[in-house]
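**Q** If you use mature numbering (1 follows the signal peptide of the UniProt record, and there is no 0), the sequence shown corresponds to residues -22 to -1, 1 to 327, in order.
One or more of the hints may lead you astray.
Unchecked claim - Capping the alpha-carbon separation at 27 Å, the derived lysine-lysine pairs in DSSO-like fashion look like this: (1) K253 with K209; (2) K213 with K169; (3) K166 with K256; (4) K96 with K55; (5) K166 with K186.
Please keep in mind that the hints were generated in silico from the structure rather than gathered at the bench.
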Amino acid sequence: MFSTFFLIAAFSLMLISGCGSSENSAASPPPQIKPSAAQTHEYLSITNTEYVNETDQSDGMTMNVYTYDLQTKALTKMTDLPYNSQYPLTVVSLADNTTYYSGTGQNKGDELFAYDMKTHQVKQLSSNLFAVNAIIPNVAEHTLMLAAVKQGERPVKVMFLDQDTQELTVLHEQDSDTTTWDIAYDPKAGKAYAIQYSEEEQYQQMEKSNQTQKPMVPPRHTIIEIDPETKQTRKIFELQDEQILTLSARGDQLLIATAKYINKRPIRYSLVDVKTGKRQELKLPIKASSELFLNNEGDGFYFLGEKGNGSSERGIYFYHMQSKKIETIFLQNKGFINNFMLLSEPVQK
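Can you make the complete structure from the sequences, with help from the hints?
**A** Next comes the structure, spelled out in structure tokens:
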């Protein structure tokens, strides 16, 4: 079965040259950096890990948190947080004036934390998790959506945290076989999406690969749509023997990246119609296997990777699908870009 070890190993491939463990306390981030008041509704939230002493991990590592305003093109450093989790993950909610992030809990696992950028206070929001792989704020009023693993369990589950009651709702909690690879949210439709597959099928495919010494063929991957309010789900799209690496949703379309074999290129990119499930393959020069985000107009997307055409410089870029032009947003000049997210939120003044 696709164990948590396999999950962390997959993330480790992305963290080469930027990952270590910090001894700093998850509850004590430095408060000196204040958020800009000039942010608009559409922005990117960026996690970039760096050595504290800029040389090696002897003094630990830090998660530097940035926002990029899509209208003004202003890059703002919001704060920095201690990196001591299995996977460095942050997301800035300007509507909440809060940075949500993964940090070490008391039970040898990662928990969800919130750093209030006005009061500089840290609050632990979860108490029984092992790993936090994705955080999406405000999928419903005062509700966070997570892809996370509970203590003592194996599958990655879709979870919803009510910030008013602190109640954590786990989607299909009794299903011990289905695991979640990635999640997305469409603010236009108010719907969430998840990539899922069977751990048992994953294990069987891994056994076949080990026996034949051939590249591992992925199990069947399915994309489901989730109503964050009612928690009702429906199947949108399914692929046999093809891994869905990541997804983004805007309006009536999904943008996905796929691969025929586990941890193998080439990567294919496609648009999928949410209503019909029809797939349209895109011919793109880029190299990106995670963090693809369709823009509000649906005519382009932001991605983390390489822009291709002879360039191997890793960074965050915007690709316009009509003009085929690529705009540079944030380059990996210092440290390691772990993740980013496109958010559309009302901003509290």
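**Q** Check the structure against each numbered hint from earlier and tell me which ones fail, lowest number first.
**A** Violated: hint 5 alone.
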